[in-house]
Amino acid sequence: MDFTLSEERRMLADTAARFLADRYDIATRHRAAAAPEGFDRKLWAEMADLGLIGALVPPEAGGFGGAGEDVALVFEHLGRALVVEPFLASGILGLWPLVRAGESDLVEAVIAGRTLVALAHGEPESRYAVHEVATRANEGDGWRLTGRKSVVINGDSADLLVVSARVSGDLDAPEGLALFLVDPAAPGVTRRGYGTVEGGRAAEITLDSAPARPLGEPGQAFALIEEAIGRGTLALAAEAVGLMEVCKDTTLDYLKTRKQFGKPLGAFQALQHRMVEMVLEIEQARSAVMLAAGTHQADRLTRERNVAAAKHLTGRVGRRVAEEAIQLHGGIAMTWEYPMSHYAKRLVMLDHLLGDTDHHLDRFIRLGREGGAA
Amino acid sequence: MDFTLSEERRMLADTAARFLADRYDIATRHRAAAAPEGFDRKLWAEMADLGLIGALVPPEAGGFGGAGEDVALVFEHLGRALVVEPFLASGILGLWPLVRAGESDLVEAVIAGRTLVALAHGEPESRYAVHEVATRANEGDGWRLTGRKSVVINGDSADLLVVSARVSGDLDAPEGLALFLVDPAAPGVTRRGYGTVEGGRAAEITLDSAPARPLGEPGQAFALIEEAIGRGTLALAAEAVGLMEVCKDTTLDYLKTRKQFGKPLGAFQALQHRMVEMVLEIEQARSAVMLAAGTHQADRLTRERNVAAAKHLTGRVGRRVAEEAIQLHGGIAMTWEYPMSHYAKRLVMLDHLLGDTDHHLDRFIRLGREGGAA
Amino acid sequence: MELTYTPEEQEFRTEARAFIAENLPPALAAKVKGGKRLSKADYELWHARLQTRNWLAWHWPVEYGGPGWTPVQKHIFDEEMIAAGAPRIIPFGVNMLGPVLIRFGTPEQKAHWLPRILSGEDWWCQGYSEPGSGSDLASLRTRAVRHGGHYIVNGQKTWTTLGHHANMMFCLVRTDPDAKPQEGISFLLIDMTSPGIEVRPIVTLDGEHEVNEVFLTDVRVPVENLVGEENKGWTCAKYLLGFERTGIAGVAFSKAAFSHLKRVARETRKDGRPLADDPLFAARMARLEIDLMAMDIFNLRMIAAAAQGHAPGPEASLLKIKGTEVRQEASDLIRRALGPYAMPFLPEALDEGWNGEPVGPGYANPAASQYFNLRKSSIYGGSNEIQKNIYAKLALGL
Amino acid sequence: MELTYTPEEQEFRTEARAFIAENLPPALAAKVKGGKRLSKADYELWHARLQTRNWLAWHWPVEYGGPGWTPVQKHIFDEEMIAAGAPRIIPFGVNMLGPVLIRFGTPEQKAHWLPRILSGEDWWCQGYSEPGSGSDLASLRTRAVRHGGHYIVNGQKTWTTLGHHANMMFCLVRTDPDAKPQEGISFLLIDMTSPGIEVRPIVTLDGEHEVNEVFLTDVRVPVENLVGEENKGWTCAKYLLGFERTGIAGVAFSKAAFSHLKRVARETRKDGRPLADDPLFAARMARLEIDLMAMDIFNLRMIAAAAQGHAPGPEASLLKIKGTEVRQEASDLIRRALGPYAMPFLPEALDEGWNGEPVGPGYANPAASQYFNLRKSSIYGGSNEIQKNIYAKLALGL
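Chains as they are written, first to last, in this note's numbering: chain A, 1 to 374; chain B, 375 to 748; chain C, 749 to 1146; chain D, 1147 to 1544.
One should not assume that every hint holds.
Unchecked claim - Label-pair restraints from in silico Cβ distances:
(1) 22/A with 1150/D: 35 to 41 Å
(2) 673/B with 1103/C: 53 to 59 Å
(3) 1284/D with 402/B: 37 to 43 Å
(4) 1103/C with 141/A: 35 to 41 Å
(5) 262/A with 943/C: 31 to 37 Å
(6) 395/B with 926/C: 41 to 47 Å
(7) 783/C with 22/A: 53 to 59 Å
(8) 1106/C with 34/A: 21 to 27 Å
(9) 583/B with 757/C: 56 to 62 Å
(10) 1459/D with 35/A: 55 to 61 Å
(11) 1190/D with 415/B: 45 to 51 Å
(12) 743/B with 5/A: 49 to 55 Å
(13) 1342/D with 5/A: 45 to 51 Å
(14) 1110/C with 22/A: 43 to 49 Å
As the list claims (entries may be wrong) - In silico BS3-like cross-links for lysine-lysine, where the CA-CA straight-line distance does not exceed 27 Å:
(15) 1384/D with 1256/D
(16) 637/B with 1384/D
(17) 1539/D with 263/A
(18) 633/B with 1378/D
(19) 637/B with 1141/C
(20) 256/A with 1141/C
Don't read these hints as lab results, they were simulated from the structure.
Just so you know, even glycine gets a beta-carbon here, dropped at the ideal spot from N, CA and C.
Starting from the given sequences, assemble the full structure and let the hints guide the process.
Written as structure tokens, this is what we have:
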């Protein structure tokens, strides 16, 4: 048993931390978020050069990491700096199917930050369900996709879309799913980009007989989609821990410096106890992420169940930390100007990405039953 | 809108409060609970003489109250004094079917405290479900009942049992239920009495072709059973408010007098805030009980839904109050000698009588759907 | 105990509902219900409509132009307004300053300022909070020094709600810096168009501008604008905070939010069924509904006590706490219910007249923003922590 | 990061499991798992069995008779013991006093007392708490006055766990009443058979007798029984409290409780189906299981840090808090799961050898009692409030 970082990972962590501390302050972040694409292509390229995307990919696929621990490490640091660059979309969700399909040229381009890829999977009625896909794929003169994809993260600026579609089966059957590569500039593809409430970008995508190239064997993609989403879920849980750390540190600082009724806020016992409870819950959330990260190479049920536990717990704790951090501050943390308010916003909104606390609690229960637990 | 008590009810409240203050201290209560029947027949007769059972019965049936407000008023006072006498069994659950069936002689005897009656409804597998009854009633040479009834409150000392049984239908059908009067001394009736964890008494009752007299039309009893249980549920929710009041007052006194680190515990802000939260939740619970009491004469859905809300909320708040009251005290409240510990115990164990918080939440949801709400 | 309204009260509800239906423009109600931004003119219109029947200044005695309503009538009207989607009454002039002037003002002050509140000629804002004084209001530092017929005011106020609409501000200032914190404070009426006043917007975390900072540099305020005695402003401030507590639980807002939640949960699908049928979500909704039902009764208990002439006691603090918790929880569940569609945010869609195509259901756009915006409700008007301190001291004797 | 055990550690687990299987009488394990009362002899037997392999005194250096285990090995053995239903090791002699003597005792004290702890010749109890000093331990008042070769001790101790089994008590007494609270305290070893000692049972709210009051009237204690310096007893007390924190989270107990809960929820029916399939109950269980999984890792992080030589830090306070919360929650869910059958209580069914017919499922009888009994876990050993104070001060600098 060992919870320390390996030498390689310590170097990766140092690299990420140093770059973000030097180059990515909150003003830079806000500027990037306000840009038309919702991020800064130049910074993105620099981060790619540093290896922050490559760290998410196993060596055999051209990266130099790719284990659960690597994903967690990178995303915790991204959370700490509130990075808006498209790591989730292009570093995990869109990239992982390419890695697993052996698309080595594409993988290389994505790792290098040259190509931006996004996963178009969710649909207007599917909520967070992994298996609910109404978009149809028909084979004829090549493959053609028809359907609607919604809230596709960074889907507005992606150079390439990885799109899920159904070749057979009922709306909610895990069987009959397929993944395709779609050129967003192709005929039949319409994108409507928009900002998200915490400062990111997403798109509604309509496919009307859009030409597509299959990734792997059409009909067998459920396992791969689940894997990519599970990986993204782990990433978000780790990001949440990074966000929480900043919320906690900022609040603690504030309690020590802000004076009311003649003494620092931190001298009030009721606030002290709430602060301790916050730290305790964060340590619990961090522990759940460590478990999910450390077992990410295990069998499917273990992996997915631990990921569900981590996303559930970071969601539950995250809401509490965000709300307590604001409340313990008072008005100042309600302002746009105060950086922590954006951390709190992102922390709450993570609950809407790849499944909220209830979705993952439910998933945890179902996976437990599949595995004969409970 | 008026939340004050009517003149009659104020007199009833005064009577109850005075008697209990004068005659029912904690030592008396423990003695009564330790008696073979789990209560004191003499005190029971005195309380009957005071009208505390009659207050639970409408005038047209020989009492002088019987509205939801009367039930709530009496049981809140019983809670405040931690009374173990069989008001729930013989004042509500067993009595109400007699009232509704027009059994005026029996009702008179029960109101006078001469006859003790109990409702034998729950079964080993039925948990809190109102409609799940496996005990069978067969007509031949008169009616005969066969089945098992479990955790029948005061069933060990009742002079008369009101027993639910099925004349037709599936195990969980609301149709086909009937209520019967059974003499516990009759052949085929076996009772096994025992104490309950908070100081009451109950019994397992086996019926083996036991002779029985029907109350009302066999097959139509669901509504009546639901009504009796709903009434009992309101009573328990009101009792919970009385128990909580005592837990709160005792804890507040303790915080003011007990010194630690050179000042009263009540000077510590973290404890002050928890005390305020406790009071707030008690006021919420009291409000829910007022709503249920004040609408107890309304249509079935309103009545039962508000009762479910009250039992859910008193259960949720009750657990918190009991646990906080003990925790804020520390060790002393863990002792048998400290009266409040028995209040806390009763408060928690109310969750096991006539449906726990989850049961009533579920019931609240279902009744809402029946009524077209939600 | 009687949980129903008297026939007279029910009749009043009918009358109130009819008046609102007649006077509230449907387009305005749609803006309120759709969570759009309201303009200054929207508020002014609704104030004016109410004033046509003397129904604006609920808390004023009849002789000053109040409607003479009982606490129950106020509660009923409040419920009906919110259910109908009326804009809220901006409280600063009519509910805060008005009662203070009636109680502490000179005959001249009353004659001058009260009619202008009713007519809408003045839009008042509140100059209480300062950057250094949050919950600890009495630590305020804005200085007023008397020079002849004027006070010269210097300092900074913050969290000034809708201060950018206001032409007048009532303001707590320190006139005696050597006195104890709560002494040496005075209550001044300040013309916002005076030289030396600068209003700077504060953008809140939902990206909206509703509150402001107000900088005062050598602002001259005529001594006639002192309300009550010099150095006794804390008395006015406390009196005003008492009035602010009416309707403190915001039950009607929570009820409206809960109805909206029910709609969202019915129309949103999870696993092919309405989200309202999902056991976990249904349980969350039911717990909230039960809390809300209980709070409704708790609130009515206070109103009934007020109707019997009891002054509002420290229970108001409990209602404030529970009221904000319930309302925040409702906004949280609405956000959750929307699933991924809580993410997209088109700020332009909050503008009047926007008729683009929404992303997801039309009501999704403001939901997350409203959740974040409502975090303020447990902070302002005496934070929930301060309410707990107050209750512990006044009601529990701790 | 590596979440699995090394091959050596896994081998140790196999060895531990085999030892326990061989040495723990099945009847005793059944008593523990069935929540029955344990006798003094039960504990003594298990201590003696452990000592046959030098596996009793985990925290003692090898030269004094400890097994020389790593923190991970201790954790593994603890898990295996609890999973197997072994009685807990009574900590007062072996885990509390032992380390204090090893650190502060004279060579004579060590030579005399340590072997007697290992052999079971002495049963120790703890004389710390007093009626007037709960969380504020340093306010203790029991007086010891030196007369020649003896201290004369007068006072009262309380919450003395299993004091009725003990022949010896280690005790904090005040030797200098004029010093500051934490100074002037001494650490004495007191023979419980001395004249002037009276042990009175405290019955707890579950009706059981486990703790006691101990009254000391003119009790003569030889000065050789002073550990450490006079008036420096607080140093020993603090050192001992540090040792008490090992295994503070009680993860293994919570795991055992959770397994039991799963069984109860599978075997109990609601609406004709296993309770474990009820969505609300399944959600309660899942939330608890997730908390438990996270706490397991949190605990292992501490153990791994200890294995690398880091002293246990203030995180132990966090583990204490979460550990008691999780364990209490498990006992709460077991109680809930049982439904009406949580009510019946047959105290005689907790006795060894009782073979009457249970009411409801056999495991129902002790469930509610255990829930109430476990309320103590957030009170003793430094209440959760004290843990929060400690953490706020030491780790957060508040």
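Hint check results:
Take residue 22/A and residue 1150/D: their Cβ atoms lie about 37 Å apart, and the range 35 to 41 Å holds. At about 45 Å, the CB distance of residue 673/B to residue 1103/C disagrees with the hint of 53 to 59 Å. At roughly 41 Å, the beta carbons of residue 1284/D and residue 402/B sit within the given window of 37 to 43 Å. Between residue 1103/C and residue 141/A the Cβ separation comes to about 39 Å, which falls inside the hinted range of 35 to 41 Å.
For the pair residue 262/A and residue 943/C, the supplied restraint of 31 to 37 Å holds, since their beta-carbon distance comes to about 35 Å. At roughly 55 Å, the beta carbons of residue 395/B and residue 926/C sit outside the given window of 41 to 47 Å. Checked against the hint of 53 to 59 Å, the pair residue 783/C and residue 22/A fails, with Cβ atoms roughly 41 Å apart. Remark: the range hint 21 to 27 Å for residue 1106/C to residue 34/A is upheld by a beta-carbon distance near 22 Å.
Distance hint check: the CB atoms of residue 583/B and residue 757/C are about 60 Å apart, consistent with the given range 56 to 62 Å. One distance hint, 55 to 61 Å for the beta-carbon pair residue 1459/D and residue 35/A, is violated here, with the actual separation near 44 Å. The given range of 45 to 51 Å is respected by residue 1190/D and residue 415/B, whose C-beta atoms sit roughly 47 Å from each other. Separation of residue 743/B from residue 5/A is about 53 Å and conforms to the stated range, judged on CB atoms against 49 to 55 Å.
A hinted range of 45 to 51 Å is violated for the C-beta pair residue 1342/D and residue 5/A, which are about 60 Å apart. Here the CB-CB span from residue 1110/C to residue 22/A is close to 44 Å, well matched to the stated 43 to 49 Å. A distance of roughly 20 Å separates the Cα atoms of residue 1384/D and residue 1256/D; the hinted pair therefore holds under the 27 Å criterion. Simply put, residue 637/B and residue 1384/D have alpha-carbon atoms about 23 Å apart, close enough for the 27 Å limit, and the pair holds.
Among the hinted pairs, residue 1539/D with residue 263/A is consistent with the structure: their alpha-carbon atoms are about 16 Å apart, no more than 27 Å. Of the pairs offered as hints, the one joining residue 633/B and residue 1378/D holds, with about 25 Å between alpha carbons and a cut-off of 27 Å not exceeded. The straight-line distance between the Cα atoms of residue 637/B and residue 1141/C is roughly 16 Å, inside the 27 Å bound, and the hint therefore holds. The straight-line distance between the Cα atoms of residue 256/A and residue 1141/C is roughly 25 Å, inside the 27 Å bound, and the hint therefore holds.
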